[in-house]
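This is what each chain is made of:
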Amino acid sequence: MGARHLVVIGNGPAGKEAAAVLRDKEPESRITIISKDHEGQYRPNFLPDYISGRKSLEQLYATPFRFYQDQEIKLRLGQPVAVLDLEERRIILDHKEVIRFDGLVIAVGGRPRIPEPLLVFQDLMYTLKTVQDANSWIDRLASVDSVVIVGGDLTSFAITRALLQLGKRVGFVFSEEAFWPQRCNDQILRAAAAKLAARGVEVVPGRLKRIVRHSETRFEIMTDCRHLEAGLVGAFFGLVPDVRFLAGSGLQIERGILVDEYLNTGFEGVYAAGDCAQVYHPELRDYWVSIGYDNALRLGRIAASNLAGGREETTVPPESLFCDQGVRANTSWWLEF
Amino acid sequence: MGKLDITIEICGMSGDGTIAAGGLLNTAMSRAGWSVLAFDSYPAEIRGFGRCVTRSRFGETKQIALEDSTDVLISLDDKQSLSRIPFLADDAVVLFDNKPSAHLAEGESIAAHVAPGMALYGAPFLDLASSASGSGKGRNLAALGALAAIYNLPLDYFREVIAAKFKSKGDRVVEANHKSFDAGWEYAREQFADRIRGIPIPGTAGEEPEKLLLSGNVAIAEGALAANVKSYFGYPITPATPIMEYLAGKLPERDGRVVQMEDEISAIGAVLGSFFAGTRAMTATSGPGFALMTELITHGVMSETPAVIVDAQRGGPATGLPTKTEQSDLLAAVFGGPGDSARIVIAPTDVTECYHYTAKSFRLAEKYQTPVIILTDFFLDNRVENLVRPTSRPGDIEDGNVYPAIADRWNYHRYRLTESGISPRALPGMEGYIFPATGLEHRQEGVPDFSPENHMVMSQKRRTKILSALADLESPVEYADPGRLDVGVISWGSSFGAALDAVNTAREQGLRVGALKVTTMYPYHAEEIRAFMSRCQEILIPELNLSGQLATLIGHLFPKDVIRLNMVTGIPIYPSVILVKIREIIGVQGR
Numbered sequence: 166m167g168a169r170h171l172v173v174i175g176n177g178p179a180g181k182e183a184a185a186v187l188r189d190k191e192p193e194s195r196i197t198i199i200s201k202d203h204e205g206q207y208r209p210n211f212l213p214d215y216i217s218g219r220k221s222l223e224q225l226y227a228t229p230f231r232f233y234q235d236q237e238i239k240l241r242l243g244q245p246v247a248v249l250d251l252e253e254r255r256i257i258l259d260h261k262e263v264i265r266f267d268g269l270v271i272a273v274g275g276r277p278r279i280p281e282p283l284l285v286f287q288d289l290m291y292t293l294k295t296v297q298d299a300n301s302w303i304d305r306l307a308s309v310d311s312v313v314i315v316g317g318d319l320t321s322f323a324i325t326r327a328l329l330q331l332g333k334r335v336g337f338v339f340s341e342e343a344f345w346p347q348r349c350n351d352q353i354l355r356a357a358a359a360k361l362a363a364r365g366v367e368v369v370p371g372r373l374k375r376i377v378r379h380s381e382t383r384f385e386i387m388t389d390c391r392h393l394e395a396g397l398v399g400a401f402f403g404l405v406p407d408v409r410f411l412a413g414s415g416l417q418i419e420r421g422i423l424v425d426e427y428l429n430t431g432f433e434g435v436y437a438a439g440d441c442a443q444v445y446h447p448e449l450r451d452y453w454v455s456i457g458y459d460n461a462l463r464l465g466r467i468a469a470s471n472l473a474g475g476r477e478e479t480t481v482p483p484e485s486l487f488c489d490q491g492v493r494a495n496t497s498w499w500l501e502f
Numbered sequence: 002m003g004k005l006d007i008t009i010e011i012c013g014m015s016g017d018g019t020i021a022a023g024g025l026l027n028t029a030m031s032r033a034g035w036s037v038l039a040f041d042s043y044p045a046e047i048r049g050f051g052r053c054v055t056r057s058r059f060g061e062t063k064q065i066a067l068e069d070s071t072d073v074l075i076s077l078d079d080k081q082s083l084s085r086i087p088f089l090a091d092d093a094v095v096l097f098d099n100k101p102s103a104h105l106a107e108g109e110s111i112a113a114h115v116a117p118g119m120a121l122y123g124a125p126f127l128d129l130a131s132s133a134s135g136s137g138k139g140r141n142l143a144a145l146g147a148l149a150a151i152y153n154l155p156l157d158y159f160r161e162v163i164a165a166k167f168k169s170k171g172d173r174v175v176e177a178n179h180k181s182f183d184a185g186w187e188y189a190r191e192q193f194a195d196r197i198r199g200i201p202i203p204g205t206a207g208e209e210p211e212k213l214l215l216s217g218n219v220a221i222a223e224g225a226l227a228a229n230v231k232s233y234f235g236y237p238i239t240p241a242t243p244i245m246e247y248l249a250g251k252l253p254e255r256d257g258r259v260v261q262m263e264d265e266i267s268a269i270g271a272v273l274g275s276f277f278a279g280t281r282a283m284t285a286t287s288g289p290g291f292a293l294m295t296e297l298i299t300h301g302v303m304s305e306t307p308a309v310i311v312d313a314q315r316g317g318p319a320t321g322l323p324t325k326t327e328q329s330d331l332l333a334a335v336f337g338g339p340g341d342s343a344r345i346v347i348a349p350t351d352v353t354e355c356y357h358y359t360a361k362s363f364r365l366a367e368k369y370q371t372p373v374i375i376l377t378d379f380f381l382d383n384r385v386e387n388l389v390r391p392t393s394r395p396g397d398i399e400d401g402n403v404y405p406a407i408a409d410r411w412n413y414h415r416y417r418l419t420e421s422g423i424s425p426r427a428l429p430g431m432e433g434y435i436f437p438a439t440g441l442e443h444r445q446e447g448v449p450d451f452s453p454e455n456h457m458v459m460s461q462k463r464r465t466k467i468l469s470a471l472a473d474l475e476s477p478v479e480y481a482d483p484g485r486l487d488v489g490v491i492s493w494g495s496s497f498g499a500a501l502d503a504v505n506t507a508r509e510q511g512l513r514v515g516a517l518k519v520t521t522m523y524p525y526h527a528e529e530i531r532a533f534m535s536r537c538q539e540i541l542i543p544e545l546n547l548s549g550q551l552a553t554l555i556g557h558l559f560p561k562d563v564i565r566l567n568m569v570t571g572i573p574i575y576p577s578v579i580l581v582k583i584r585e586i587i588g589v590q591g592r
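Respectively, the protein sequence lines represent chains A and B. With positions in the first sequence counted from 1, the corresponding number in the working numbering is that position plus 165. With positions in the second sequence counted from 1, the corresponding number in the working numbering is that position plus 1.
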């Protein structure tokens, strides 16, 4: 019988950490990371600083390719998964290559969330999740001097700070319900708005209603009470787990992949970790999602450890979870603007 | 941004349209103003049995050698393309068909072997071509379209060259291929919008003459036509056959003819007969055919009859490796055959020289009344370069015959002894200049004579004649700074480009090295070669043969052993291999 083949889907912090732990615990196993992204593992929270020029491209990347080579972890970049067949324990990649596995960690992270009413304006708004997104921002910012941010997740504050550092005029369409997920109340909202205004940001309360594109560098943004103009519109409504490819796999999916407190999906040897997992909390008898780099690392470690035969629980104190739009969340970072 | 220099490879199975796609790419890039050096390798079988690879290097300045690392690989057949993985640059771009007709086991897709740091672009070539044109045959065009989109290459050039290539097959075929190309382009523009890697297009200066793509074989044929060759006699053999094919289309337009003979022996016999009668003719063959010709070549030497023979070398011995390159016929070309049979052997190093050397060979053959052997090889014959259309140089193509004086009429000695060894040659039908022509040793009148004294005198005469040809043969060319050199690289034939490329790089690295191009293989310019050698601490001779045939031929001119770098891998030698050796000789590690 050959060595076990352990596969990790996703090369974000959770996926890479899971692979590293698996290598440590199972030196003889064959380990493969499959990622639809073409980039190596980067730190998404550095992207705003990369846009402002405070971080170099090299600083964005958290793990050099040499790491995978040294650890004998096969890294397949730019290769989306088309089908996950848990019965046959195989993955069919988009290019029809069939990968069989003995153990699996799903750590595909999230993708930018655009609220349903705004999907019609999706192509008019820039999001910020990948290095390519950041490069698009950099290209476009070269020819515009004003930006309107809509939404209000953690990254929105970081990008606002970056834009101010670049000397851009920033408008912020700021509404309570746009925050997702967040530990938010009226007091925090008022404080955040005041801080933004104090830094020269034009804070516009209300809901985004419409965006009109007049030219490549001129957009009209209409809220329920104001009209704004800007050269670029950025959308920041948090992330949603990127698990569309799992439809039909048999996994239970709500906001993310439902897993128990050991991050097991209910299928033997199949785990989920990071932003794509929705984790059961035995004390609360409810599920929670995790946000942030450090949380992802931790969940990746636990999933791998358990796949390698461990029995480690994800312990999160109930008081550190917050609830938004019916979803309990835990974040490992919060940007002080 | 550094100097633009990109190597693109297309790999597929025979029948995938790999070579066709490479040709279209080369032509389009040439029109866009790039310098092009391209080489196809394909299996010996006709169809359906092996790997085809086109390898093209594009740059702003003239490309003189292929690089060993590939910047872009287009895979038309992943199974075949897996062999190309080791040659990919660390940041290579790989395009592949991401919708194969069946599922693949793990590792069967090229995607499984692309290293992190490389860029993978998957596009459904087959589906795109089928949807756009109704036929999957255009999947190579869809792949080209995707490449053009990813690199932001000008569409018009591609569309023009596609139209030109397929126009003889009718408008529907042109349209179908355009559709396949456009489908690939549109798919890539949409799917890879944020991964476009535009590269600047050099463009052509307004007054710069248009360049055309020529292979070594076509350049040889064109050179022969420029010299007003009247007949080609040959027997098909790879890699020389394209010369015959090209001339078969051109010679009849000029009242000439191509005759396919029953074998190579009859081919060289016909060439000798044609020249004997005063009409220019040629033949082209490869090692196995050349071996058959050797007796009659020496007949030409003995009877002092002109002939022009192209030996397009391939991997040997015997049938050997029909579609692989090698430089292992040098000693056979120089010395092959019975007796002391000195003849002229020249070896062009690039496509332009293929043209000029061939054009000149007829005059040389006539003037020195000898077979002239043009040594090429598979790489040089099949590689394509874009260049300004060559035209014959003054003096190269004129009648080289030295006719007898009127005073000799009725008292004509065909093999009269002269200071240069050149005896005026009469043609059949010239009244009063009758002579016997024979392969037997003969006196000045041409009458057989086997006496020791005569054989000594006549052998010396023929040798003197060939040595006197040095005055008309290209001198070696130095590429070096004045003064002492740590390493001198002497190279010939298709390997010279790689040698010069390596030397140029070494000089940029501050090393004291130089290159010497030798194109006159026999007789050779001993004094010039010795002068170069005398400046060098070490002499390195890289060759695509196992024993070092040029090193054997001229190594005695250097007071100590020359260093040989020999490869018989069937592929061209790469500059990096030579550079590593240069650095090793000097004592510097790495590339």
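Since the hints were derived computationally from the structure, they do not count as laboratory data. Here the structure is a predicted model, which means the values were calculated and not measured. Keep in mind that a hint or two might mislead.
Said to hold, decoys possible - Here are a few chain B residues that face chain A, going by a calculated C-beta distance under 10 Å:
id : residue
1  : S102
2  : G108
3  : E109
4  : S110
5  : A112
6  : M119
7  : A120
8  : G137
9  : E191
10 : D195
Said to hold, decoys possible - With a straight-line Cα cutoff of 25 Å, these simulated DSS-like cross-link-like pairs (lysine-lysine) come out:
id : chain 1 : residue 1 : chain 2 : residue 2
11 : A       : K239      : A       : K201
12 : B       : K168      : A       : K201
13 : B       : K168      : B       : K100
14 : B       : K168      : A       : K239
15 : B       : K100      : A       : K261
16 : A       : K261      : B       : K168
17 : A       : K239      : B       : K251
No residue lacks a Cβ here, since even glycine has one placed at the ideal position from N, Cα and C.
Item checked: Pair hint K239 (chain A) and K201 (chain A), alpha-carbon separation not exceeding 25 Å -> Status holds; Cα separation ~14 Å.
Next item on the list: Take a quick look at whether K100 (chain B) and K261 (chain A) sit within 25 Å of each other, Cα to Cα.
Entry: Judged against 25 Å, a Cα distance of about 7 Å means the pair holds.
Notebook entry, point to check: Holds or violated: is the Cβ of S102 (chain B) closer than 10 Å to a Cβ in chain A?
Noted result: holds (9 Å)
Checklist line | Hint consistency between K168 (chain B) and K239 (chain A) [alpha-carbon to alpha-carbon, up to 25 Å] | finding: Measuring from Cα to Cα gives roughly 47 Å; hence the hint is violated.
Next item on the list: With chain A as the partner, please determine if G108 (chain B) meets the hint condition of a C-beta pair closer than 10 Å.
Entry: holds (8 Å)
Note to self: Restraint: A120 (chain B) near chain A, CB-CB cut 10 Å. Satisfied or not?
What the structure shows: This hint holds: A120 (chain B) lies near chain A, its Cβ roughly 6 Å from the closest one there, short of 10 Å.
Item checked: Straight-line alpha-carbon gap K261 (chain A) to K168 (chain B), limit 25 Å -> Roughly 36 Å between the alpha carbons, so the hint for K261 (chain A) and K168 (chain B) is violated.
Note to self: Hint E109 (chain B) vs chain A: min CB-CB distance below 10 Å?
What the structure shows: E109 (chain B) check passes; min Cβ-Cβ to chain A is 7 Å, inside 10 Å.
Notebook entry, point to check: Does the nearest C-beta of chain A fall within a distance shorter than 10 Å of the C-beta of A112 (chain B)?
Noted result: holds (5 Å)
Check: Within 25 Å, alpha carbon to alpha carbon, are K168 (chain B) and K100 (chain B)?
Finding: Between K168 (chain B) and K100 (chain B) the Cα gap is close to 30 Å, so the pair fails against 25 Å, i.e. violated.
Checklist line | chain A contact restraint for D195 (chain B) - C-beta distance below 10 Å | finding: holds (5 Å)
Next item on the list: Grab the minimum C-beta distance from S110 (chain B) to chain A and call the hint holds if it beats 10 Å, violated otherwise.
Entry: Because about 4 Å separates S110 (chain B) from the closest Cβ in chain A, which is inside the 10 Å limit, the hint holds.
The structure fails to meet hints 8, 9, 12, 13, 14, 16, 17 from the earlier list, while all remaining hints are met.
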